[in-house]
Structure formats: C-alpha cells, structure tokens
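Undergrad: Protein chains in written order, with the numbering used here: chain D, 152 to 659; chain L, 4 to 341; chain S, 55 to 393.
Rather than coming from a laboratory, the hints here were simulated on the basis of the structure.
A few of these clues could be false.
For lysine-lysine, the following DSS-like pairs were computed, each having C-alpha atoms within a straight-line distance of at most 30 Å [said to hold, decoys possible]:
(1) Lys193(L) - Lys262(D)
(2) Lys595(D) - Lys368(D)
(3) Lys193(L) - Lys314(D)
(4) Lys549(D) - Lys330(S)
(5) Lys274(S) - Lys502(D)
(6) Lys558(D) - Lys330(S)
(7) Lys274(S) - Lys479(D)
(8) Lys314(D) - Lys377(D)
(9) Lys125(S) - Lys528(D)
(10) Lys274(S) - Lys532(D)
(11) Lys193(L) - Lys269(D)
(12) Lys330(S) - Lys528(D)
(13) Lys558(D) - Lys125(S)
(14) Lys528(D) - Lys477(D)
(15) Lys532(D) - Lys330(S)
(16) Lys330(S) - Lys533(D)
(17) Lys274(S) - Lys477(D)
(18) Lys383(D) - Lys339(D)
(19) Lys330(S) - Lys502(D)
(20) Lys502(D) - Lys125(S)
(21) Lys216(S) - Lys106(S)
(22) Lys502(D) - Lys533(D)
Partial selection, computed: residues in chain D whose CB lies under 8 Å from chain L [unchecked claim]:
(23) Pro227
(24) Leu228
(25) Gln231
(26) Asn243
(27) Leu244
(28) Cys245
(29) Leu246
(30) Asn247
(31) Leu248
(32) Glu252
(33) Gly257
(34) Ile266
Being a predicted model, the structure only gives us computed values, none of them experimental.
Where is the CB? At the ideal position from N, CA and C, for every residue including glycine.
Residues per chain, in single letters:
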Amino acid sequence: MAERAAIVEMKKISKNFPGVRALSGVDFRLFPGEVHALMGQNGAGKSTLVKVLTGVYRQDTGEMLLEGKPIRPESPLAAQRLGINTVYQEVNLCLNLSVAENIFIGREPMKLGRIDWKTMQRRATEILGRLNIDINVSRTLSTYSIAVQQMVAIARVLDSSSKVLILDEPTSSLDEGEVVQLFKVIRKLRDEGMAILFITHFLDQTYDISDRITILKNGEFVGEYKAKDLPKLDLIAKMLGKELSEFSYTPGSKEAKKASAESKKGANLVLQAKHLGRHGSIAPFDLELNEGEVLGLAGLLGSGRTETARLLFGIDGADQGETFIKGKRTNLNSPRAALMHGIGFCSEDRKNEGIFAELSIRENIILALQARMGIAKYLSKKQQQELADKLIRSIGIKTPSANVEAKQLSGGNQQKVLLARWLATEPSILILDEPTRGIDVGAKVEIMELVLNLSREGLGVIFISSEFEEVIRCSSRIAVLKDKEKIAELSGEAMTESGIMHTIAGGK
Amino acid sequence: MKSLIKIDPRNLPVLVTLGLLVVMWIVGSVSFIGFFSLQNFFNLFIDNAYLIILGVGMTFVIITGGIDLSVGSMLAFSTMLTSSLLEKSGWNPWAVVPVVLASGLAVGLFMGYIIQTFELPPFIITLAGLYLMRGLCYVISIDTIGISNQAWQDAAHAQFNIIGNNFVSLGVLIALAVVVVGIFISRSTKVGRTVYAIGGNEQSAILMGLPVARTKIMLYGFSGFCAALAGIVFTLYTLSGYALNGQNMEMDTISTVVIGGTLLTGGVGSVLGTIFGGLVYGTIQVLIVFQGTLNGWWTRIAIGFLVFLFCFMQRLFEARKTKGKKEIKAATVAAEAG
Amino acid sequence: MAWLKSLTQRRIFWPLVALAVLMCFNLFFTPHFFRVEVKEGHLYGNVIDIIKNAAPFMLLALGLTLVIATKGIDISVGSIVAISAGVSAMLLGGDLGGVPKNPIAFAMIIAVLVSVLAGMWNGMLVSRIGMQPIIATLILSVAGRGIAMVATNAMIVWLYIKPFAIWGQGYIFGLPVSIFVVAGMFILTALATRRTALGLFIEAVGINPTAARFAGINAKNILFWVYAFSGLCAGISGLIVCSTVMSADGNNAGLGYELSAILAVVLGGTSLNGGKFYLMGSMVGALIVQTLTTTIYAFNVPPEIAKVVIALVVLIVSLLQSFNFRSMVAGLFGKKVVA
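Sequences and hints are given; from them, build the entire structure.
TA: The following block contains the structure:
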C-alpha cells in the first residue's frame, strides 16, 4: 500500500529556554489515518514539541508544514483555526455547563437572536453519535466521569475542518474499561482519516493503539518507527538512550549488596506496608523496609512511584491497607504525622511542594525540624546558622551565604536544600523522590554516596529515580513499578538494568 | 415520559430558596394576624424593587467569581445625581435618566477594566470604588435633596393595579423588566453563557476561545448600570437624594444573591434565584416588623446567618463532590464498533 | 556610599520616607505643624494628634498583617470594632452619675473576649470549612454590625464613667495612653512572632501552603489563630475608640476602618499575596494613612472626601503592585520589568 503523504511535517525544530535546550533539531511527521505515539522520559521534550505545534511556543529554528504549506501558529486559537486541535489531560471544559453547551459554546446555533437550545442538543447528540456515544446531552458535564468528559472534549474539537487531533495523556485518569471505550473512539476517528498524535506513559497502551512511534530523548530526535517493527524492549532502551548490546552485567555497588546481605539476617523492619493502595492513584502494594537498607523504586515515568511515596508519607490518604512503623500500626494521615514518626520526604516537585522561594536557605533548611520541635522551642539564630552551615557543607550547596533567598539558587541547589531540610530532622526513614534530578554529574555522585552513608548509619531509605543506573547503584533491593502497580521485586544479582527493563517489558 | 419528575440538580438551590420563602410566609401567616395578604406580598416587591435590580447585576458578577462592593455607593451617587440634576439644574427628567444610567455604566466599565487588565483583586478595587462614589456624593451635596419635580412625583405615586385593589409601583415594573432582561441574557445569549463558562473554569473558557476579558469588563459595567437604575428607582421610592443612602447595600445585595443559590465561588447561579433571595430578605424584615419587639437590626444578623448557612452547605456539597468524583458513571455507551 | 545603599534596602526605609514627605508637605500649609508644646501636663501638637488618632488603626493593622501574611484577608474588623465598643458600653452603662453597671475591667475583658470569639468564627470558616477568606469575613462584616446594633439596642450609648476615658483620652508621661497600648501589643506580637517559630510558620504558610503542609507545619491551626488574633486586635481597638468618644455607635463605629487598615499593611511592605510580613512597616503605614487623613482635613475637606483620597491611594498602590501595570508603564519608556 502506497504511503500517504504526511499531513504535518516538523523539520529540525529547536527551542531553547534560559539555561535549557528543550529541543534540538527534532523532526516529526504526522500521517492522516494514523495514530502516532510520541514517547520519551522526563526532559525528552515531548510537551515542548506539542506546544510548538499548537502555537503556545514559537520555535527558535526549523519549520512546520501543514499539508505542504508552511505554518507558524501564534496561539492555540490560531492553531485551532488551522485545524490542529488538542485535548488535554486536565479536560479543558467547563464542568458547570451541560454536555451540549460544552461542545457548542462560542458558536451556539441561534434563532431569532436567542440561543436555539433544541438544535444545539440535537447536533450535540449527532456529533457524539459519530463517536458511538449515546448520553443525555442536557445534563451537566460534572455528572459524568472523566472518560466521558474527554469524549465530549474530543467532540468539541471535531468539525469538518479538523485535520489533526492531539491527545495529551488522555488515559491517566481512566480505568481499564474507560480506556477501551476511548480507544474505540480513537480508532473510529483514525479510520475516517484523522491524523492523531497520542502522548502517553503507558507502554501497553502505546502498543495497543499506535501505528507509529516517535521517540525523543533529552530534546533530541531518536527515531521514528512503525509500531509493529519496534519490540517493547527496544522502545524502552531507546527511551533511556541505551543500545541493548550495551547492557553488560552491572552489579549493584559492593556496599549495597553487602547491606542487602546483612539486612537479610535479623531483619530490623522499620517500615512495612500491607496492601496499601489508593483508588485511581496506585494499586494495593506490599512493601518492607529494614534499618540500614536502601529500597529502590524503579519504573518509567508515570508508573506510580511518586504515588507510592505520597501514600507512605501521608500526603494522600490510603483507601485500603495498613502501615506499620517499627512494628506498630500507624495511621499516617498527614505529613505532620509522618514527620512525628520519624519519616522524611523529599518531593520531586521542589517548586510547588518543597521550596519557599522568599525564605532564606537557612530558614528553608531548619523548617521541618522546627515544625517537629513546635512553635515554642525556637532554634536560636546561632543554632540555625550552625545547622545550616553544617548541612550546606556536607551536601555541597553552592551559595555565598545561608541567608540568601532560596529563589536565587539554581534548581539543583534548591534540590539539595530540600534534602538538607529532611536530613536536619534526623529521620529513621527517608523517602527521596528524584533527588538527583536537575543536578550536575559530580553532585549526583555526591548525593548517591550520601545516601549510602546514611544507610550505613542505620537510616532506612526509599530511593526513587528514573535513572536505573542510580537505583541499582544505591539500592540493596529494588521494587519495580509499571503502569501504577508494583509488579516485582529484584535483589542480589537480578538487579541489573536489563533485568529491570525485562521485568517492565515482560510483566502484565 | 419516565416514572417520576426528575429534578435537575442544577435547579435544586433555587427550589431550596423558594421553599424557604414559602415556609417563612406560612410561619408568618400563622403567627401574625394581617400578615397574609396579597398587598403585603406586593409590598415586598415595592419595598425591595431596588434590591432586586441590584441583585440582577450582582448575580452576573458573582457567577464569574468576582464581587462588586461599590453598588451601594453607586446607588447613593445616582440618587444624588438624579435629584441634583432635577432640582438644582432643572433638567428634564427624560434627559436625567440616560445621563445617570450612563454614569453608572461608565464607572462600572472603568473598574472592570482595571480589574481585568491589571489582574487586581476585585474586592480591593470595588472597595476603593465604594469610597470613591460615596465621596462623590458629598461633592454634589452634603444635605438631602428633596425632589419636587412634578413628573417625578407623578411617577413615584403611580399605582398599577393588579388583581383587584392590590397595586404595585412603577419601580416594581422596572424591576420586573430588568429581571426579564437578566433571565434572557443568562439563558439565551452567548454573552450570558460565556459568563457561566468563565465562572466554571476561566482557563478553559480562554482556551475554548471565548471573549473572556471583554465579557468580564462588560459585567462590571452592567453591575454599575443596574446600580444606577436601582438608584433611580430608589428616588421614586424616597423622592429624594441622600448621600447616606445605600450604606451596607452591597452586603445586602451579595447576601440576596447567595441566598438565591448562586455560589460565591462562581459558575452556578440564576437570576430567578436572586429574585427569591430578595423576597426572602424582604420577608425577614416584614416578619421582624410584625414581631414588634425585635430590633430591626436582627434582620442583619438573620441575613448573615442565612448567608453562612448557604455558604456552609455549598462547601459541604463541594467537598462531597471532589471525594466521590469517580463514583459517578455515565449513562449507556453504545457497544457497537460502528 | 555603601551605608546609604544598605539603608535604602531595608524594608522600613520607603514607608518612613513617605511618612516624612507627607509630614513635610503639611509644613507648607500649617507652619507650626511640628510644634509640640506641653499643655495641661502632657505633650500637645499636630504630630501628637496624629499618633493618638492612628492608634486604633495601628492595632487593626497589627492583626491584619498576620492575616494577610497567610494570603488571607479580614474585612470584618470594622464590624468587630463596633461589636467591642457596643458590648463594653452596654456593660458599663450610660448612668449619668458615672456609676458603672459592671466593673470596668470586667466590661473590657468581656468585650475583648467577644471579639476574639468573632475572630475564631472567621478562623473556623477559613481553616476548617475551607471558605475563601473574603467570603468568610464578609459574613461577619454583614452580621457583625447587626450584632453590634442589637447589643446597643440600635441607640448610641453615651458613657459618663470618667476612669474609662483614660484609654482613649488619657496621658502617661505626657504621651497618649492609647499609644502605650499599641506599643504593648506591638511588642507582644513582635516577640511572639519573632522569638518563637510562629512568624516563620506564618510566612511559610503564606508563601507556599502546600510545601508548608509537607514540611509538617499545622497550617490549619496557624490559619485559625491568626484570624482569632485579628479579632483580638479589633476588640482592643474598639475599646480605645469607645473610650475616645465616650460612646458606642453600633452603626458608625469602625465604619470604613478595614480599607484604611488594609492600606496601612500594604504601605508597610507586606504583600497582599502573602508571605513575608513587616509589623513595624504596618505601624508606619497606619501613621501614613492617618497623616494623609489629617492633611486632607487641613484643607477643610469633609470626612467623606477624605475617604475618596484614601480610596485613590489604594488604587494607585494596587496599580503599582500590579505587574501588568508596571509592564505597561515601563513599556511606554521602552523598558522591561522583572516580576
């Protein structure tokens, strides 16, 4: 069958932000009548590429062609007028309005100067019918599940001039049945000739729905493949930037293996989760952490690692299951409770969940400790200064003084401040979510050594990282997560990169 | 049709308010002699015509999640301007009305422009507007200006008989006209629906290509316009302009809107509900008058309490919604692959 | 001139400059503006008047500073002032012979207690029920005035109890008593917020509520107590107001105070967006607002027009704080603005 011409061509697209090369010379093509998945890990540039296509950003260099003609959309509205439509993960509709209204608002059918509700509802039903959806269009959108809301969002952008449909992580909030429904709709649209760009983290779904896959890594184009020509393992390898043959046996660090061996005898259980789960967030899991042990959580983006951490730290409430700390059943229903029980949590979203931009580094560091000590026992300025200086030195935070506002620091240094905050509380359990993200290579090594030292001193650490290498290096055991579920645990000699990847590829 | 009459959950708040109104009237009629009469009911409208007009304008503002604290002072200013133009400058009533209305519109648009363009909190800007307008009142005159203009007096004393000897005033007719316009805008015009969209999710509304900025500015203009119109109606009621008019009226108006079922967080509300809210407000005052022993200011406390009750219920409702979001499923989805 | 640079960088610098400029402006029209004499055993002069009249606002600004620091707002303070004045006046009684119905201390304590309860009500709505602060405090500002009027039976209560007058009208060591009250509250608040972790926690909650929660701070409690404290300040302020005019007018007491208090806090350097707060700045801000009012009166302008000027100042200050406005103005000069 002769290949149809690409409807969208992006050639050598580059986009830089201050200090970050988001995209360098990326090529991308979309074909009509195809579902094309865009894949990559953190910082790959997926969302930037889409934002360039939809007019949110303008590229620095490179060109875009739509049906052979160059385009430069200046805004999402301009892109819409060109026929490029996007449906986002957070459904961008108004939940307080009816289904029909959400589809037609802004271009409602009018009759004699009034809105023609009857016609609007009739046409809404028709459009949804095209997607094989039969619902009461006069009910408020909020009464419907997110799956239906997404279909309505798709219905809104469909009209005769729609050429390209971009679906940005449409399945993150859907359960299995809803994903099936959505995919039926997508296939129908594809068969009608629509070019569909599909962004997702879920590996299995990618293979379920896509005809073509493009992989990005660190802002660069890795390759474009037909889905049937790309085995799962290859996909994972390319996303991580490795060649399969490069996988030699990478044993975990000697210390970690020793710790693992030591911890097996007379295990000192410091944290135990039994069947802990939260609907829509992470499937029920069992987890054990011993004193002096580093448990790594490995998985691809979106596999549920942060969700696991949030449950363990009490940020999210569990729907089911129990947590035990040092053998005692504990109700961790808030971060404060977790703090009082000796748990620390270094969030991966340091901007929104960690750093206080206008407070000094010193204040940022002592905050959690102070929170645990209470309002009355205020650490004197001298004590704060000493503690802060000590941690600044030991972790290597680059700053002229501890009294500088945290917002002046680079991202990497801010991450270190966050780490310092939790270390200051001398916890017995420390959960680190992507502690090495955005940090230079030398500092990464420092942090990993720090983690190992801490475990040697008896601290139980849960270490989350997207870099399998790091996880293997630091951990004595690894829990593998995939698609919001813990699927396996690896230890000893099974802890290798290929081992992890095979587990992810092969499991479920 | 199907088995039972299904109540659209969107109408629930309005029905609650209506129910409250009915209950209050029953209690009043049972407790006090002379309470239950058609003229008393019409008096509710006559005495609160201004409040209803204010309420219509405020409803739209609150649906978008904003607030307008200047309406009371705007009303006072418009009474001053009206009476001053009529009495001191000897203008023709037909010239006075458009000028006063235009002043309300202009002030409202100005505030809306500042709020929208510079992204400033509505309560601060309209609070400043409150003091600005009140001050302008005093610029016109510190004393009351009585209106002796014959045409105005005739209009003020006009009685329109509905059902026998029971009558309503011109103000009531104007108020009802505003209500009808308000309901029409909110249900049948693009602008009206845009208002609801903005209140539901402003970000989404922008992404959906709706003229959000323009609409928000127009809303404050409309609120100012209604306040000016309410001022004119108020002069028909009191036949004077007085700078101390309208004190606390903004709170009364907001309370009316909230009791009428409009969410202060935006996105949900109706003009019809606001009418009922206004009637509830009026009924509370009548009840207290009939009761005889209670200080009139108990109205304020009762209103505050009702507002709290409604806000509290709204909060509970919202909290339950976010918890049980996943539990609500759609209706049937056709299984055919087509 | 490094010392000059570091001086200008202190947050208190610009508010003090504004105050000084305003006062000097007065000098043009009232040549004896800065003259302070000793009359009847105490200091007397325009500047003293300003300080005395600013006292109630300084108290309000104190409480509001902490509320605003948590990213909140309290527009009920005017109504709480009225409630406090009303309750104390009623408990003291309007006996012409000057005999109080209840001991003065008792009346004052009850009035303050009621005000704290009012603040706690606000705090509960904001922290437990999760209402937006503007709405939660709006309810009390509506109902509060009703409560005040009910407490005073909708009449202005006149007091003839001489000892009570000391709070608003008396002098100690030549200075107004009210300023000592303000100073006392200021010192207590400053100690409570800076000598304990409270100030840090309040700022953390205002800067990043989520991160504060994750760091183990009990944000709900902090929110509850700052509103209660705002009620306390408004209560004490109400006592001073009542004592100054020896009467309680439920309708007019505290009317419009919230706008002036908010302006004072903003002028003092605390941002409406929450975060770092400056108690001293708010004190200076209140003095600026009072000086502004006095300046306007010097032109024989009626009080209501004075409020117009305040409103205009609020408008201008808000515009200056708006990033969009600064960008627009800077754009006219071809410059760029950093957020």
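Undergrad: Each of the hints needs a verdict: does it hold here or not?
TA: Comparing the hints with the structure gives:
1. Lys193(L) - Lys262(D): 12 Å, holds
2. Lys595(D) - Lys368(D): Judged against 30 Å, a Cα distance of about 20 Å means the pair holds.
3. Lys193(L) - Lys314(D): 27 Å, holds
4. Lys549(D) - Lys330(S): 24 Å, holds
5. Lys274(S) - Lys502(D): With Cα atoms ~21 Å apart, Lys274(S) and Lys502(D) stay inside 30 Å; holds.
6. Lys558(D) - Lys330(S): 14 Å, holds
7. Lys274(S) - Lys479(D): Roughly 27 Å between the alpha carbons, so the hint for Lys274(S) and Lys479(D) holds.
8. Lys314(D) - Lys377(D): With Cα atoms ~21 Å apart, Lys314(D) and Lys377(D) stay inside 30 Å; holds.
9. Lys125(S) - Lys528(D): Distance of about 25 Å is within 30 Å: holds.
10. Lys274(S) - Lys532(D): The hint holds at about 26 Å.
11. Lys193(L) - Lys269(D): 15 Å, holds
12. Lys330(S) - Lys528(D): Given that 30 Å is the threshold and the Cα spacing comes to 21 Å, the pair holds.
13. Lys558(D) - Lys125(S): Roughly 19 Å separates the two Cα atoms, so the pair holds.
14. Lys528(D) - Lys477(D): 27 Å, holds
15. Lys532(D) - Lys330(S): Answer holds: Lys532(D) to Lys330(S) is near 17 Å, not above 30 Å.
16. Lys330(S) - Lys533(D): Holds, because 21 Å separates the two Cα atoms, which is no more than 30 Å.
17. Lys274(S) - Lys477(D): 29 Å, holds
18. Lys383(D) - Lys339(D): 25 Å, holds
19. Lys330(S) - Lys502(D): Between Lys330(S) and Lys502(D) the Cα gap is close to 18 Å, so the pair holds against 30 Å.
20. Lys502(D) - Lys125(S): Holds - the C-alpha atoms of Lys125(S) and Lys502(D) are around 18 Å apart, at most 30 Å.
21. Lys216(S) - Lys106(S): Satisfied, since the Cα-Cα distance of roughly 19 Å is no more than 30 Å.
22. Lys502(D) - Lys533(D): 28 Å, holds
23. Pro227: 6 Å, holds
24. Leu228: Holds. Min distance 5 Å.
25. Gln231: Since chain L brings a Cβ to about 7 Å from Gln231(D), closer than 8 Å, the hint holds.
26. Asn243: 4 Å, holds
27. Leu244: 6 Å, holds
28. Cys245: 3 Å, holds
29. Leu246: 6 Å, holds
30. Asn247: At about 4 Å, which falls below the 8 Å cut-off, the nearest Cβ of chain L leaves the hint on Asn247(D) intact, so it holds.
31. Leu248: Since chain L brings a Cβ to about 6 Å from Leu248(D), closer than 8 Å, the hint holds.
32. Glu252: With a minimum Cβ separation of about 6 Å from chain L (threshold 8 Å), the hint on Glu252(D) holds.
33. Gly257: 5 Å, holds
34. Ile266: With a minimum Cβ separation of about 5 Å from chain L (threshold 8 Å), the hint on Ile266(D) holds.
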